[in-house]
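Chains E and H, in that order, are what the protein sequence lines are.
Residue numbering for the first sequence is 1 to 115, as defined by this note's numbering.
Residue numbering for the second sequence is 1001 to 1114, as defined by this note's numbering.
Honestly, the hints are just simulated from the structure, not real lab data.
Beta carbons: idealized from backbone N, C-alpha and C, even for Gly.
Each hint should be verified, as a subset may be incorrect.
Listed below are the simulated SDA-like cross-link pairs for lysine to any residue, each with C-alpha atoms no more than 25 Å apart in a straight line [claimed, not checked]: (1) E:Lys-11 to E:Leu-21; (2) H:Lys-1049 to E:Ser-27; (3) H:Lys-1068 to E:Ser-102; (4) H:Lys-1068 to E:Ser-99; (5) E:Lys-15 to H:Lys-1068; (6) E:Lys-57 to H:Val-1103.
From chain H, some residues computed to sit far from chain E (all C-beta separations above 12 Å) [stated by the list, open to error]: (7) Val-1011; (8) Thr-1072; (9) Asp-1085.
Listed next, the stretches of chain H that the computed footprint assigns to chain E, with coverage defined by at least 3 CB atoms under 8 Å from CB atoms of chain E [to be verified]: (10) 1039 to 1053; (11) 1101 to 1111.
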Amino acid sequence: GAGVSQSPSNKVTEKGKDVELRCDPISGHTALYWYRQSLGQGLEFLIYFQGNSAPDKSGLPSDRFSAERTGGSVSTLTIQRTQQEDSAVYLCASSLDSSYNSPLHFGNGTRLTVT
Amino acid sequence: AQSVTQLGSHVSVSEGALVLLRCNYSSSVPPYLFWYVQYPNQGLQLLLKYTSAATLVKGINGFEAEFKKSETSFHLTKPSAHMSDAAEYFCAVSRGEYGNKLVFGAGTILRVKS
């Protein structure tokens, strides 16, 4: 079946612009996660959704970052007034449920470059 | 708090040789542990997971990992490396406070020489 789909695959934006990154999870997966992967920082957790609610937003690095999920499916990560340090690969993952042994299925990521 | 440490940011082996990628965890409760692999320009793919059912866990592509509580380790092994195994490998532990939030190690890049 279809895996986690992320769009765009690449995004180049100018410093100060806003960007939206989209994630389509696997159908039927109730849990959705956003991670950021950058050189020197590894894989950083950003936010977790269960259904449409976000019980854990602790990884969002600043108030310029926000995310929402609608219909228990698609999620959008928005970065306002982008900075060069926001350049990274943003990975989305979904899992069937929130149990500890429910594996995360990752998309191929969106590579964001802020110039 | 749960965390993982991967020893060695780069590992190089010859084709056909044993692969050993090291991971040590820190957890105040029995952990759930995972190994993921990432090929260039792709997302992470689950190799295997430990969820306390058995200490020796077999995964895809001939990989396996052994959970050793006394050593707080979950090392990944493969008896014979193949060129296609060249990738970056991540060990992760579930924090479990909200959902299956994973904390990842820094990753180990595996190079396979012909």
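The hints, checked one at a time:
1. Of the supplied pair hints, the one linking Lys-11 (chain E) and Leu-21 (chain E) holds, its CA atoms being roughly 9 Å apart against a limit of 25 Å.
2. Proposed proximity of Lys-1049 (chain H) and Ser-27 (chain E) is supported: the alpha carbons are some 22 Å apart, at most 25 Å.
3. For the given pair, Lys-1068 (chain H) sits about 22 Å from Ser-102 (chain E) by alpha-carbon distance, which is consistent with the 25 Å threshold.
4. With a C-alpha separation of about 23 Å, the suggested pairing of Lys-1068 (chain H) with Ser-99 (chain E) holds against the 25 Å cut-off.
5. Of the pairs offered as hints, the one joining Lys-15 (chain E) and Lys-1068 (chain H) is violated, with about 48 Å between alpha carbons and a cut-off of 25 Å exceeded.
6. For a cut-off of 25 Å, the pair hint linking Lys-57 (chain E) to Val-1103 (chain H) stands: about 15 Å separates their Cα positions.
7. With 12 Å as the threshold on Cβ separation, the claim that Val-1011 (chain H) sits away from chain E holds: the shortest Cβ distance comes to roughly 17 Å.
8. Thr-1072 (chain H), annotated as away from the interface, keeps every beta carbon of chain E farther than 12 Å; the closest lies near 18 Å.
9. Every C-beta of chain E lies more than 12 Å from that of Asp-1085 (chain H), the closest at about 19 Å, which supports listing it as non-interface.
10. Coverage of the region 1039 to 1053 of chain H by chain E holds. Counting CB-CB distances below 8 Å, 8 residues qualify, and the rule asks for three or more.
11. With 7 residues having a beta carbon nearer than 8 Å to a beta carbon of chain E, the region 1101 to 1111 of chain H meets the requirement of three or more and the stated coverage holds.
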